[in-house]
Amino acid sequence: VHILCDPVGGGQARGPHNCGICDRDIVKGISDYSLTADVGLLRALAEMDCACKEEWEFVLKNEKPFCMPLTR
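Per this note's numbering, the sequence shown starts with residue -13, numbered consecutively.
Worth double-checking, as some hints may not be accurate.
[Said to hold, decoys possible] Okay, derived cross-link-like pairs now, DSSO-like style, lysine-lysine, Cα gap no bigger than 27 Å in a straight line:
hint, residue 1, residue 2
1, Lys39, Lys14
2, Lys39, Lys50
3, Lys47, Lys14
[Stated by the list, open to error] For each label pair, taking beta carbons as the anchor points, the in silico distance ranges come out as:
hint, residue 1, residue 2, range
4, Gly1, Glu43, 28 to 36 Å
5, Asn48, Ala(-1), 13 to 21 Å
6, Glu41, Arg10, 29 to 37 Å
7, Val(-13), Ala37, 39 to 47 Å
Since the hints were derived computationally from the structure, they do not count as laboratory data. Treat the numbers as computed from the prediction; the structure is a model and nothing was measured. Ideal Cβ positions, reconstructed from N, Cα and C, are used throughout, including at glycine.
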């Protein structure tokens, strides 16, 4: 049995999204990881440089589960 996590809505508010510039790479990385389970793909995504990375790290640190998402 193969199970796939498909990042539906990539690049939109309801799916995986960032600044719009790196969205495509992020969605592709999630899809590729889901197909291969290669942790190296996730590491490569984490090492990616983009202007929005600092904001993403802030949200990861400060947004609490089951609460309203942080917005700009």
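Kindly confirm whether 13 to 21 Å is satisfied by the beta carbon distance between Asn48 and Ala(-1).
holds, 19 Å
Is it true that Glu41 and Arg10 lie within 29 to 37 Å of each other by Cβ?
Distance hint for Glu41, Arg10 is violated at roughly 18 Å.
Quick check: does the Cβ-Cβ distance between Val(-13) and Ala37 fall within 39 to 47 Å?
Given range 39 to 47 Å: holds, Cβ gap about 40 Å.
Distance restraint hint 28 to 36 Å, applied to the beta-carbon atoms of Gly1 and Glu43:
violated, 20 Å
When you check the alpha-carbon spacing of Lys47 and Lys14, does it fall within 27 Å?
The hint holds at about 24 Å.
Straight-line alpha-carbon gap Lys39 to Lys14, limit 27 Å:
holds, 17 Å
Would the hint linking Lys39 and Lys50 be met if the CA-CA limit is 27 Å?
Holds - the C-alpha atoms of Lys50 and Lys39 are around 18 Å apart, at most 27 Å.
Against the hints set out earlier in the document, violations occur for numbers 4 and 6.
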